[in-house]
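Chain residues, written in single-letter form:
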Amino acid sequence: AQTVTQSQPEMSVQEAETVTLSCTYDTSESNYYLFWYKQPPSRQMILVIRQEAYKQQNATENRFSVNFQKAAKSFSLKISDSQLGDTAMYFCAFIGERDNNDMRFGAGTRLTVKP
Amino acid sequence: NAGVTQTPKFQVLKTGQSMTLQCAQDMNHEYMSWYRQDPGMGLRLIHYSVGAGITDQGEVPNGYNVSRSTTEDFPLRLLSAAPSQTSVYFCASSLTSGTYNEQFFGPGTRLTVL
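Residue numbers (our numbering), protein chains in the order written: chain A, 9 to 123; chain B, -11 to 102.
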């Protein structure tokens, strides 16, 4: 079964600075999809960014970008110009192309942006 | 569009009681799923459905039943609640099953079993 590991339970960053959240995964599939979801204190899960494994180019969405290292099975999220509204739990998630009904989530990283 | 709606938002049960968590979506999505979120464990898939009349088990299905009689609704039933089922429950939907499709999540139900 696929596993997703987020090794940083908590992180903090000063407003306007850059922070990187780590995620590693384990799979035997050759193609798969990776996601970062944000869960603010409201509890609503919001998609931040996604990446398809066979695409070499790293995904970017405004201030959010990923560093996808397929060989290392690593998928980190970089948040630039951090804002107070970025304070949230961040979950890394994986879904395989073969077993495409079972999305696996990491345990999450709690990010606090300090003024 | 209301998106994905869940009721109730909060619920307290006694051990052995039964209840149904309601989930509905108005986006005509084929795929719907139920997750539970426990501290330090992220979200884990309970059951999912790839269309009306089709359901299957996820990672942690024991103690839960589901049915999908319409495209819009996907209720989750706890037949005999246990303290281990204390958790936050999320319903989600996407256009089709898995892959690159974004899953849209409901606001969650916080369930406490005493």
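Incorrect hints may appear among the rest.
[Claimed, not checked] With a straight-line cut-off of 25 Å between C-alpha atoms, the simulated SDA-like cross-links for lysine to any residue are:
1) K81/A x M29/B
2) K81/A x I42/B
3) K(-3)/B x K81/A
4) K78/A x K122/A
5) K63/A x Q77/A
6) K86/A x K(-3)/B
7) K81/A x G30/B
8) K81/A x A24/A
9) K122/A x E60/A
10) K81/A x K122/A
11) K(-3)/B x M97/A
12) K81/A x E60/A
13) K86/A x I57/A
14) K63/A x N53/B
It should be emphasised that the hints constitute simulated quantities derived from the structure, not laboratory data.
Pair hint outcome, K63/A versus Q77/A [Cα-Cα no greater than 25 Å]: At roughly 11 Å apart (the allowed maximum being 25 Å), Q77/A and K63/A satisfy the hint.
- Task: Please work out if K81/A and I42/B have their alpha carbons no farther apart than 25 Å.
- Result: It is violated: about 33 Å lies between the C-alpha atoms, which goes past 25 Å.
inquiry  = For K81/A and E60/A, compute the direct alpha-carbon distance and say whether it is at most 25 Å.
reply    = holds (13 Å)
Given pair status - N53/B, K63/A, alpha carbons within 25 Å: violated (38 Å)
Notebook entry, point to check: Does K122/A lie within 25 Å of K81/A when you go C-alpha to C-alpha?
Noted result: violated (31 Å)
Hey, K122/A versus E60/A, does the alpha-carbon distance stay inside 25 Å? The hint is violated at about 32 Å.
(message) Check the hint pairing K86/A with K(-3)/B against an upper bound of 25 Å on the C-alpha distance.
(response) violated (33 Å)
(Q) With the threshold set at 25 Å, check whether the alpha-carbon distance from K(-3)/B to K81/A stays at or below it. (A) Answer violated: K(-3)/B to K81/A is near 37 Å, above 25 Å.
> When you check the alpha-carbon spacing of K78/A and K122/A, does it fall within 25 Å?
Replying inline: Given that 25 Å is the threshold and the Cα spacing comes to 32 Å, the pair is violated.
Is K86/A within 25 Å of I57/A, Cα to Cα? Holds: K86/A and I57/A sit about 11 Å apart, inside 25 Å.
- Query: Is the hinted pair K81/A and A24/A satisfied, with a Cα-Cα distance of at most 25 Å?
  - Reply: violated (29 Å)
- Message: So if I understand the rule, the pair passes when the alpha-carbon distance is 25 Å or less; does K(-3)/B with M97/A pass?
- Response: holds (20 Å)
Hint compliance for this structure: hints 2, 3, 4, 6, 8, 9, 10 and 14 are broken, all remaining hints hold.
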